[in-house]
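Chemist: Using the hints, position chain B against chain A.
Protein chains in written order, with the working numbering: chain A, 189 to 271; chain B, 72 to 799.
Read the hints as simulated data drawn from the structure, not as lab findings. C-beta: ideal position from N, C-alpha, C; glycine also. Don't take each hint at face value.
Chain A regions said to be covered by chain B (calculated; three or more residues, Cβ under 8 angstroms) [unchecked claim]:
id	segment
1	213-223
2	228-240
3	244-258
As a list, the in silico BS3-like pairs of lysine-lysine whose alpha-carbon atoms are at most 30 angstroms apart [claimed, not checked]:
id	chain 1	residue 1	chain 2	residue 2
4	B	335	A	205
5	A	236	B	481
6	A	205	A	236
Below are the chains, spelled out letter by letter.
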Amino acid sequence: MTVPLTGMREGGVATLKAVNGGRQVRTRLAALGLLPGTEIEVIQNSGKGPFVVSVRGSRIVIGRGMARQVEVDTSPNDQALEA
Amino acid sequence: MIPKLPSQFTVAVAGNPNSGKTTIFNNLTGARQHVGNYPGVTVEWKEGRLKRGDLDLKIVDLPGTYSLTAFSEEELVARDYLLHHAPDVVINVVDASNLERHLFLTTELLELGLPVVLVLNMTDVAQRHGLRVDMNRLADALNVMVVAAVGHRNDGTEDIIEAVVQMVAHSSDLPGAARVCKVTSPSPQASNAALSPGRVTYAPAVEDAISRVSERVPDYPYRRWLATKLLDSDEEALNEVPDPDARMAVLAQATEFSEAHDGKPDTVLAQGRYDFIHTICADVVHRVGEVRKTRSDRVDRFIMHPVLGVPIFLGMMYLVFTATFTLGNPGMDVIDAGFAWLADTLNGFWGEGGVESPLRSLLVDGIIGGVGGVLVFLPNIVLLFLAIAVLEGTGYMARAAFVMDRFMSKVGLHGKSFIPLLIGFGCTVPAIMATRTLETRRDRLITMMVLPLMSCGARLPIYALLIPAFFAARWQGPVLWLIYVTGIVLALVAARLLRATVFRGETTPFLMELPPYRMPTARSLLTQMWTRAWLYVQKAGTVILGASILLWVLTFYPKPPADYIPPQGFDAVGGVAVEARPFAELEDPAQIQSAELSYSVAGRVGRLLEPVLAPLGFDWRIGTSLVGAVAAKEVFVAQMGVVFAVGDADEESMDLRAQLQSRYSPLVGLCIMIFALISTPCVATFAITRVEAGSIRWALAQAWGLTLLAWVVTFVVYRGGVLLGLEG
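Bound-form chain A, shown alone (with noise of 0.2 angstroms):
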């Protein structure tokens, strides 16, 4: 199923798909380890804020904002209650 990265409940795990943002975003993120088929973790997604997650061995801090423009392929299991 695929989501924005804003509905992942914390601890869920997804396998990233998509950057719709511009280059920049994009590649800033890909710089980070962040790709289209990387595995993330959610570690922390408090429903405000920015989001920590885990990417190849590090944790990032997306802002929420950014986070929006991440799609991502996860179970139900792994998506947050109100999504």
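Modeler: Relative to the frame of chain A, chain B by itself:
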């Protein structure tokens, strides 16, 4: 045998932020380094020296970057240096426990064809995480020398130096030869392999596009790298193609390539790099233990908690500032006493008649007053820089940015801006230096521009003089609070406005790496503290010294002639106007001083400004004192003392308060404080802004912008007060 070497070589240290790059740099150079700014930009720049036998190595610490795109100033600086300064060796520091991510930059360095020594840092952490890196295979796969190191224990430093020496020896042995390193670490088979190792091999369609673009830039030394950047529609890279026809052709090819890949050429190229890295890592990184949830994550559950995070941060800041001031104050008292003793001693040389001596006044009032006033904060500043180094070195600063971002982003500032703003309550100069922790130029500049609105410690004497003079005891606290809050609110509003106007455009998305918590080494903490504190001392000794002398001249010259009649004389006590007499007939030293000030350039400027300041309820006396306050805000108090001829005045002076009470209304008193809060920052702030922003234009914009803002706000307050019947 090592061939005869030319004396000097340049070595650049490159790596991701949090790769431990700076610790490696410190290990290599020791204390022989200096910090500066890369010309024209706000990026911090460190350079050091390493001598080894005949070799003299200049070591440059490039800004930490994840890649060499042209999106941030750091990346541009690093890239520009690598492209145009052609360092003899590039030491690429990577985190051994996080190899896959860190090798991304390495692939770009290799594509540039640079002579790289790969330093596998933090091998101890990798080991703890159950990772083992096969160095021989890695060296073969990338065709570079690989050195293992543990920066914080200073392990592997000699090996790095050895590798650099070998590289340098090799490159100088074969001048002009292609810099493919045939050094000891990669096995000979690897170097000779037909399929060039050390270079990313992309999918056939991509390789095809790369070679076709490469044909358009035949003379360029880094063709392959340039070709990938051109395919990625990188504008800076396009500037490297001078020939207009070639440029058109390249553009057409880039468009075609982009269309063939869903409009996302960047993703295809990054994917190619990661695929290459992934293959290598699968081969060289061995998991020998289980990976547990790290301790960092457990600590972060508290530190970054959505509810607890903010109080924890504020508690930390409280600790930092209390510690800074409790531990720093004894030192401040010593320095203060030292300058007082120096002033007394100098005064002693001249004896009673010394008041007349310009040299005495220059030394005591001008230089000791100006430079001493800045240096007295040194103990606090040293401790503050140490605290910042600890916060950065342990990894807490990134968490603080995370915690504060929700609030700060509302006014268009970065989460990290909070700390410089807080330091601004102490002194604006170190606060502006502390903006170096901010990553983008835009965030840095906005923070710098609004920083002087955080009411610094030097403005406190002004409030301490005026508030008791005009306000009853029970209002004194609230008025002081109001002044500080006014500054904070204005800073936030100004930041928002700047973001919406001058710094308009797509906001930098919040994206950063959270480094694992680390114990910084004493050496790196002290190095960082010392280099920044030394910059502060240098400023005091140069720019601030010069400015102090200039302002002293302005308040001391020209001298009035004998027949000069001061504008209006006042009795020293009570503010009763006395008969105006010519300068030559004045006897009271305080009256003489007052008359001299009114005749000086500062006095004239004060009078000249009177029409401008009158709408704010200010007269020439206030204007003259405000001119003096440009040297250092607290000078306002001393200047008021001179203008009103009450002799040496400090903020406790009852005579001066009596004068003020009789001359001005509480409304004017409040307006003076508001104006002093907002208007032109002191000359030290101006100087540091010019240096840190990289251009005098920003310092001028700050000074004029704030003065204009001060006028407008004070005007509104004064006129509003008059309308409400508060004047008179």
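Chemist: All hints are to be evaluated individually against the structure, with a verdict given for each.
Modeler: Here is what the structure says about each hint:
Given as covered by chain B, the segment 213-223 of chain A passes the check, having 10 residues with a CB less than 8 angstroms from a CB of that chain where 3 are the minimum. Requiring three or more residues with a Cβ within less than 8 angstroms of a Cβ of chain B, the coverage given for the segment 228-240 of chain A holds, as 8 such residues are present. By the rule of at least three residues with a Cβ nearer than 8 angstroms to a Cβ of chain B, the coverage given for the segment 244-258 of chain A holds, with 10 such residues. Pair hint residue 335 of chain B plus residue 205 of chain A holds up; C-alpha atoms about 13 angstroms apart against a cutoff of 30 angstroms.
Distance hint between residue 236 of chain A and residue 481 of chain B is fulfilled; the C-alpha atoms sit about 13 angstroms from each other, no more than 30 angstroms. As the CA atoms of residue 205 of chain A and residue 236 of chain A are separated by approximately 23 angstroms, the hinted pair is consistent with the 30 angstroms bound.
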